[in-house]
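Input sequences plus hints: build the corresponding full structure.
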Amino acid sequence: MTRDDEARILAFLEGELEEDERERLLARVEAEPEMAAALRAAARGMAGVRTLDPGESVGRRRRVRAWGLAVAAAVG
Amino acid sequence: MSDADAWVGRAARGDADAIEHLASVHRPAARRMARAVLGDDDAAEDVAQELLIRLTAALPGFRGDAELSTWVYRVTLNLCRDQLRRTRRRAGDVSLDEAVSEPALTTRSDFGAEVDAARTRVAVREAVERLPEAQRQLVLLRYVAGLPYREIARITGTPQGTVASRVFRALKSLGEDLEGQHLEVVT
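In order, the protein sequences belong to chains F and E.
Quick note on numbering: the working numbering labels position 2 of the first sequence as 2, and the sequence is numbered without any gaps.
Quick note on numbering: the working numbering labels position 20 of the second sequence as 96, and the sequence is numbered without any gaps.
Worth flagging that the hints you see were computed from the coordinates, not collected in a lab.
It cannot be assumed that every hint is accurate.
What the hints assert, rightly or not - Ranges of calculated distance between the beta carbons of each label pair, as one might list FRET restraints:
#1 ALA92/E with MET1/F: 38 to 48 angstroms
#2 GLU19/F with HIS97/E: 12 to 22 angstroms
#3 ALA80/E with ALA27/F: 20 to 30 angstroms
#4 MET1/F with GLY90/E: 39 to 49 angstroms
Unchecked claim - Where chain E lies over chain F, by a calculated footprint (3+ residues, C-beta under 8 angstroms):
#5 20-34
#6 39-53
Glycine included, every Cβ here is placed at the ideal spot set by N, Cα and C.
Take a look at the structure:
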């Protein structure tokens, strides 16, 4: 898989891929097991990481503060 | 106005034939997309059915086919994400004490679902912490801080294409890690 493929899968999962590109990607996913596995793994990872999004659910202030510090450290 | 836009206009006004036509177009598209993401025919069918229910309710708000197609795409992805989130660790993988330390548990009535959700979040946090430092930073900047790729590239001094590629690899690793921990999709 090329970096372009990776970027396209990411854009697809983020809901940003145009219809014609979406069609091409889905056709490749249906034809190439490696691409299908990569898409599904990334989808699972994205579904997981979005549970850490501060806007996703209530009652997570304590954790959000902790992750906020991690983000601040990442930004440096 | 295109034919596709005309179908949407008629459906938005409650024309049953037009609603049926749009369902016949968008349901298979949603099922195909969900199958690609979930890799499971039954789960994809569930997503397509739920999409159809939401589509019927949302139709009066649409002005054209392009808008509707984008809506179908994004709602289908959200429904797939919901499916993937309905995960739980096998009993005993995370202690109840660890799970109930989540404050949300005290405010929700569906205790079992909240315990599963809390366990999932614990597993995700641990998996994110296992990512290589560079990938972890990018994932946090993108999905916790919610920054656009352009801004992440500026902050980290990394080309935007490289940021996207690393974010993809991080998500893939994360997904494989979670799968490897025997997180089960609950359908």
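Hint check:
1. The hint said 38 to 48 angstroms for the Cβ distance between ALA92/E and MET1/F, and at roughly 45 angstroms that hint holds.
2. Restraint check, GLU19/F to HIS97/E: a C-beta distance of roughly 18 angstroms satisfies the suggested window 12 to 22 angstroms.
3. With their beta carbons about 21 angstroms apart, ALA80/E and ALA27/F fall inside the hinted range of 20 to 30 angstroms.
4. In this structure, MET1/F and GLY90/E meet the distance hint of 39 to 49 angstroms, their C-beta atoms being roughly 46 angstroms apart.
5. Counting residues of the stretch 20-34 of chain F whose beta carbon lies closer than 8 angstroms to any beta carbon of chain E gives 4, which meets the minimum of three for the stated coverage.
6. Only when three residues or more bring their CB closer than 8 angstroms to a CB of chain E does the claim for the stretch 39-53 of chain F stand; here the count is 15, and the claim holds.
Consistency with the previously given hints is maintained throughout, with no hint failing.
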